[in-house]
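**Student:** I would like the entire structure built from these sequences, with the hints used as guidance.
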Amino acid sequence: MTHSTVNKRPEKISDNLSELFQYLKFLLLGIFFGFTLTKAEVISWFRIQEMFRFESFHMYGVIGSAAVVGMIALFLIRRFSLRSVDGEKIVLRPKKFHTGTIIGGTIFGLGWALTGACPGPLFALVGNGFGIMLVPLVSAIIGTWVYGYLRESLPH
Amino acid sequence: MRTLLYEPWPWYIAGPLIGLMIPLLLLLANKQFGVSSSLRHVCAACAPMKIPFFQYNWQSERWNLIFVVGILLGGMLASFFMPLTEAVPITEETTAQLKTLGIEEFSGLMPTNLFSWNNLFTAQGFVLMVVGGFLVGFGARYAGGCTSGHAIMGLSNLQWPSLVAVIGFFIGGLTATYFILPWLF
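So the sequences go chain by chain: L and G.
Residue 156 is where the first sequence ends in the working numbering, and the numbering goes up by one at each step.
Residue 1185 is where the second sequence ends in the working numbering, and the numbering goes up by one at each step.
The set of hints was computed from the structure by calculation and includes no laboratory data.
Misleading hints may appear alongside valid ones.
Distance condition first, Cα-Cα at most 20 Å in a straight line; then the derived EDC-like pairs of lysine to aspartate or glutamate [to be verified]: (1) L:Lys-96 <-> L:Glu-152; (2) G:Lys-1031 <-> L:Glu-19; (3) G:Lys-1031 <-> L:Asp-86; (4) G:Lys-1050 <-> G:Glu-1061; (5) G:Lys-1031 <-> L:Glu-88; (6) G:Lys-1031 <-> G:Glu-1061; (7) L:Lys-89 <-> G:Glu-1061; (8) L:Lys-25 <-> L:Asp-15; (9) G:Lys-1050 <-> L:Glu-152; (10) L:Lys-25 <-> L:Glu-88; (11) G:Lys-1099 <-> G:Glu-1086; (12) G:Lys-1099 <-> L:Glu-55; (13) L:Lys-25 <-> G:Glu-1061; (14) L:Lys-25 <-> L:Asp-86.
Some residues of chain G that are not near chain L, with every Cβ distance over 10 Å (derived) [unchecked claim]: (15) Arg-1002; (16) Thr-1003; (17) Asn-1057; (18) Trp-1058; (19) Gly-1102; (20) Glu-1104; (21) Thr-1122.
Source: prediction; values computed, not measured.
Beta carbons are placed, not taken as given, at the ideal position from N, Cα and C, and that holds for glycine.
**Tutor:** Here it is in structure tokens:
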């Protein structure tokens, strides 16, 4: 056994460990998000119906205040040129506009009102024990695939 | 504290907490908040089938898949430790209007008679779950994002295409609410 192989093994393990911690970070953030979605009851089909009937402020309050907090955070990140914990420069990708922004948005809205859930809530609802919500979730994956398949022939 | 954890959270608690996802993801990992991309990564991982849209290194986007597993676990934890004890407090107007559509079940997060395995094989259940889900996935990718990516991340980054997308979300949502749902019931 040469020295290099002896040295390699512990390095590999620590690499795997740090990778594991990277993933743990996203798992914890996801748990935090899914927990909050559930506690705010924004994953409720009833809440979505109420929102599209403009009869309650709840959903608008949640989405609106989330966006305002995000705005303030992004302002501070830019103002102080904050970096990520890994020292990376934070660069935000701009959202591109194309015909699909409005057509796709409208299609998404139709589905949102019917299923009463957008992608985040679909995962949270499955976690809440609504196994039936795997059906719209799998269907959403198929919808994504069909978009990819048809992409070249759709107006953008 | 205990009651706050057990009671449903008002918008002014939940909204800012959700908004914090944006700086947390950026500062802890330099990632942009969004959920629907995960659906694309699942396609790229499971059935790329030489479609250019799914030919990319999805492994480098694995974080997004772990994030949505977390969302699922978060829902599980909330329902396990603090189960809902009362109906979702929607307004009386909405309740009355949903009753005129024939919805009688208001006790949990979802009308379980509509979203059930039995109802899946009726035209109504098929449209609500299969067609609805399909439109969510297709539309989100076509629009370049869903509620989290456009309505929260995009709007907070002052992206006007996101505002257009959100207007689209409402055109579709209102159409479904006022024209498709009454026809379905």
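**Student:** Run every hint past the structure and note whether it holds.
**Tutor:** Now for the hints, and whether the structure bears them out:
1. Proposed proximity of Lys-96 of chain L and Glu-152 of chain L is supported: the alpha carbons are some 17 Å apart, at most 20 Å.
2. Distance restraint check for Lys-1031 of chain G and Glu-19 of chain L: the Cα-Cα separation of roughly 16 Å lies within the 20 Å cut-off, and the hinted pair is therefore satisfied.
3. Between Lys-1031 of chain G and Asp-86 of chain L, the direct Cα distance comes to roughly 12 Å. Compliance with the 20 Å bound is thereby established for this hinted pair.
4. About 19 Å separates the Cα atoms of Lys-1050 of chain G and Glu-1061 of chain G, which keeps this hinted pair within 20 Å; it holds.
5. Taking the CA atoms of Lys-1031 of chain G and Glu-88 of chain L, the gap is about 11 Å. The hint holds against a cut of 20 Å.
6. With a CA separation close to 10 Å, the supplied pair Lys-1031 of chain G and Glu-1061 of chain G stays within the 20 Å bound.
7. A distance of roughly 18 Å separates the Cα atoms of Lys-89 of chain L and Glu-1061 of chain G; the hinted pair therefore holds under the 20 Å criterion.
8. Of the pairs offered as hints, the one joining Lys-25 of chain L and Asp-15 of chain L holds, with about 16 Å between alpha carbons and a cut-off of 20 Å not exceeded.
9. Among the hinted pairs, Lys-1050 of chain G with Glu-152 of chain L is consistent with the structure: their alpha-carbon atoms are about 13 Å apart, no more than 20 Å.
10. A hinted pair counts as satisfied when its Cα atoms are at most 20 Å apart, and Lys-25 of chain L with Glu-88 of chain L qualifies at roughly 17 Å.
11. Under the criterion of a C-alpha separation no larger than 20 Å, the hint pairing Lys-1099 of chain G with Glu-1086 of chain G is consistent with the structure, at around 18 Å.
12. For the suggested pair Lys-1099 of chain G and Glu-55 of chain L, the alpha carbons sit about 15 Å apart, so the restraint of at most 20 Å is met.
13. Proximity of Lys-25 of chain L to Glu-1061 of chain G is assessed by CA-CA distance (about 14 Å); at most 20 Å being required, the pair is judged to hold.
14. A hinted pair counts as satisfied when its Cα atoms are at most 20 Å apart, and Lys-25 of chain L with Asp-86 of chain L qualifies at roughly 13 Å.
15. Arg-1002 of chain G, annotated as away from the interface, keeps every beta carbon of chain L farther than 10 Å; the closest lies near 14 Å.
16. No beta-carbon of chain L is positioned within 10 Å of the beta-carbon of Thr-1003 of chain G; the least distance is around 12 Å.
17. Every CB of chain L is more than 10 Å from the CB of Asn-1057 of chain G (nearest about 16 Å), matching its label as outside the interface.
18. Consistency note on Trp-1058 of chain G: stated as away from chain L, and its beta-carbon is indeed over 10 Å from all of that chain's, at 12 Å minimum.
19. For Gly-1102 of chain G, the requirement that its beta carbon stay farther than 10 Å from each beta carbon of chain L is met, with the minimum near 13 Å.
20. Listed as outside the interface, Glu-1104 of chain G is consistent with that label: its C-beta sits roughly 13 Å from the nearest C-beta of chain L, beyond the 10 Å cut-off.
21. For Thr-1122 of chain G, the shortest C-beta to C-beta distance to chain L comes to about 13 Å, beyond the 10 Å cut-off, and the non-interface label holds.
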